[in-house]
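Participant: Sequence:
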Amino acid sequence: MRKKRSRSSGEGMISLIFTIIYIGYWWFVLQEIFQGASHFIYISIIPFIGLMFLHSLASKWHERRREKQLVMSVEKSIARYKDRIKTGA
Numbered sequence: 113m114r115k116k117r118s119r120s121s122g123e124g125m126i127s128l129i130f131t132i133i134y135i136g137y138w139w140f141v142l143q144e145i146f147q148g149a150s151h152f153i154y155i156s157i158i159p160f161i162g163l164m165f166l167h168s169l170a171s172k173w174h175e176r177r178r179e180k181q182l183v184m185s186v187e188k189s190i191a192r193y194k195d196r197i198k199t200g201a
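Everything in the sequence shown is counted per our numbering, starting at 113 for the first residue and increasing by one.
There's no promise every hint is true.
[To be verified] Derived EDC-like pairs (lysine to aspartate or glutamate); straight-line CA-CA distance at most 20 Å: (1) Lys172 <-> Glu123; (2) Lys180 <-> Glu123; (3) Lys198 <-> Glu187.
[To be verified] Listed next, with one range per pair, are the computed distances between beta-carbon atoms: (4) Pro159 <-> Ser189: 38 to 48 Å; (5) Arg176 <-> Ile133: 14 to 24 Å; (6) Thr199 <-> Tyr134: 54 to 64 Å.
Keep in mind the hints are simulated off the structure, nothing from the lab.
None of these values were measured; they are calculated from a predicted model.
Ideal placement from N, C-alpha and C gives every residue a C-beta, glycine not left out.
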């Protein structure tokens, strides 16, 4: 029997990268707010929504890529077993 592969950690890596970006982003925004630039409260919302959108796009892209790999793997397995049936019969 084959050993099952563990799931790809790419999705976790994407989340980690965006978490670091979020922390850095809010660190910068809060530094500006505490220095007295209160207008940053309003300005910072739109880029944050953009970051969230990019995060969702990256996650969807990774999920689609994983689905394509799975489909290719299943098609390859089906073809291999069809060949076994043809040659064995």
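Participant: Hints the structure violates: just list their numbers, smallest first.
Facilitator: none
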